[in-house]
Amino acid sequence: MARSTFVYVAYIRTTPEKLWSALTDDVEFMKQYWFGVHCESEWKAGSSWKMVHPDGSITDAGEIVEADPTKRLVIRWRHEKKPDLKAEGDSPCTIEIERSGTAVKLSITHTIEREPSQLITAVSGGWPKIVSNLKSLLETGAAVLRDPYSTN
Amino acid sequence: MAELHDIDVLFKALADPTRRKLLDLLHAHDGRTLSDLCEHLDMTRQGVTQHLNLLEMANLVASVRRGREKLHFLNPVPLQEIYERWIAKFEKPRLKALGDLKRRLERTNG
Chain F
1 MARSTFVYVA YIRTTPEKLW SALTDDVEFM KQYWFGVHCE SEWKAGSSWK MVHPDGSITD
61 AGEIVEADPT KRLVIRWRHE KKPDLKAEGD SPCTIEIERS GTAVKLSITH TIEREPSQLI
121 TAVSGGWPKI VSNLKSLLET GAAVLRDPYS TN
Chain B
1 MAELHDIDVL FKALADPTRR KLLDLLHAHD GRTLSDLCEH LDMTRQGVTQ HLNLLEMANL
61 VASVRRGREK LHFLNPVPLQ EIYERWIAKF EKPRLKALGD LKRRLERTNG
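Order-wise, the sequence lines are chains F and B.
With our numbering as the guide, the letters of the first sequence map in order to residues 1 to 152.
With our numbering as the guide, the letters of the second sequence map in order to residues 1 to 110.
There may be inaccurate statements among the hints.
[Claimed, not checked] Some chain F residues flagged as far from chain B (calculated, every beta-carbon gap over 12 angstroms):
1. R3
2. S4
3. T5
4. V9
5. E17
6. H53
7. R76
8. Q118
[To be verified] Facing chain F, from chain B, some residues (calculated, C-beta under 10 angstroms):
9. L52
10. N53
11. E69
Honestly, the hints are just simulated from the structure, not real lab data.
Note that the Cβ used here is the ideal one computed from N, Cα and C, for glycine as well.
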């Protein structure tokens, strides 16, 4: 079956430890770059994972497939809210962190075994803004974008 | 200065029609091999490789090894950064001007 994949890469002037923490257990930090959203999990292989919005609603959930702190995280991601996106099923999201000179390379790969995929299209609108905000927040201490999921 | 360097490389990468075409090709269909991309360009394989290298240096293209193949993906993150740095902030005054105009017109009508 055809596969849809999106890859997002950012070079961030930070440490793998800080970046890992920003992507996992530092909930308050996460809310600052993820437009109020945070993810809840124990961040260990097999533990559940969910994406919680400011109003408490959960749009996406799944489980942690692999967790190698400061290096690699694989999430079995599934949309839970919109029926047609939910029907597309699981979509693995792989997050890789590696040192690159004075910076840290963050790669996020989101894949689904179908093409086209509405889920991938939906997340592709969000990831560049989230990653860009995360980079800005880690490097300068300020997030650039504040409007939650503006469509334009 | 490092930031300046990043943005220089980024704009240099965008300032070439072949490289912009490569980005359009990847936007239409992501995850392509070099051979696949060469089919759409009237250029030697080496030429396309050089353009792809520059796009990778600018972080506009990310490559992923899958078995023996090297797949190229469009990375939209730097474009988002251009949007924030060079577009959003210039849009804001215009939106404010429109808002002010609306308020003024509505006040006149009332």
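Problem set entry | H53 of chain F non-interfacial with respect to chain B [C-beta, more than 12 angstroms] | Per Cβ check, H53 of chain F is outside 12 angstroms of chain B; nearest 21 angstroms; holds.
Problem set entry | Interface hint for L52 of chain B, Cβ within 10 angstroms of any Cβ on chain F | Hint on L52 of chain B: violated, closest Cβ of chain F at ~14 angstroms, above 10 angstroms.
Exercise. For S4 of chain F, which was marked as not at the interface, is the minimum beta-carbon distance to chain B over 12 angstroms?
Worked result: S4 of chain F not clear of chain B: closest Cβ-Cβ about 8 angstroms, inside 12 angstroms.
Exercise. Q118 of chain F clear of chain B by more than 12 angstroms, beta carbon to beta carbon?
Worked result: Correct as stated: the minimum Cβ-Cβ distance to chain B is 16 angstroms, above 12 angstroms.
For this session: Say whether it holds or is violated: R76 of chain F keeps its Cβ farther than 12 angstroms from all Cβ of chain B.
Result: Non-interface label on R76 of chain F holds, nearest chain B Cβ at 20 angstroms vs cutoff 12 angstroms.
For this session: Taking the shortest Cβ-to-Cβ distance between T5 of chain F and chain B, state whether it exceeds 12 angstroms.
Result: Nearest chain B Cβ is 5 angstroms from T5 of chain F, so the label is violated.
Problem set entry | Interface hint status, E69 of chain B versus chain F (Cβ within 10 angstroms) | Status violated, d = 13 angstroms.
For this session: Compute the least Cβ-Cβ separation between V9 of chain F and chain B, then decide whether it is above 12 angstroms.
Result: violated, 4 angstroms
Problem set entry | Evaluation of the interface hint that places N53 of chain B against chain F, nearest CB under 10 angstroms | It is violated, given that the least Cβ distance between N53 of chain B and chain F is near 15 angstroms, above 10 angstroms.
Exercise. Any Cβ of chain B at or closer than 12 angstroms to E17 of chain F, or is the non-interface label fine?
Worked result: holds, 21 angstroms
Exercise. For R3 of chain F, which was marked as not at the interface, is the minimum beta-carbon distance to chain B over 12 angstroms?
Worked result: At roughly 8 angstroms from the nearest Cβ of chain B, R3 of chain F sits no farther out than 12 angstroms, so the non-interface label is violated.
Going down the numbered hints, you'll see the structure goes against 1, 2, 3, 4, 9, 10, 11, while the others check out.
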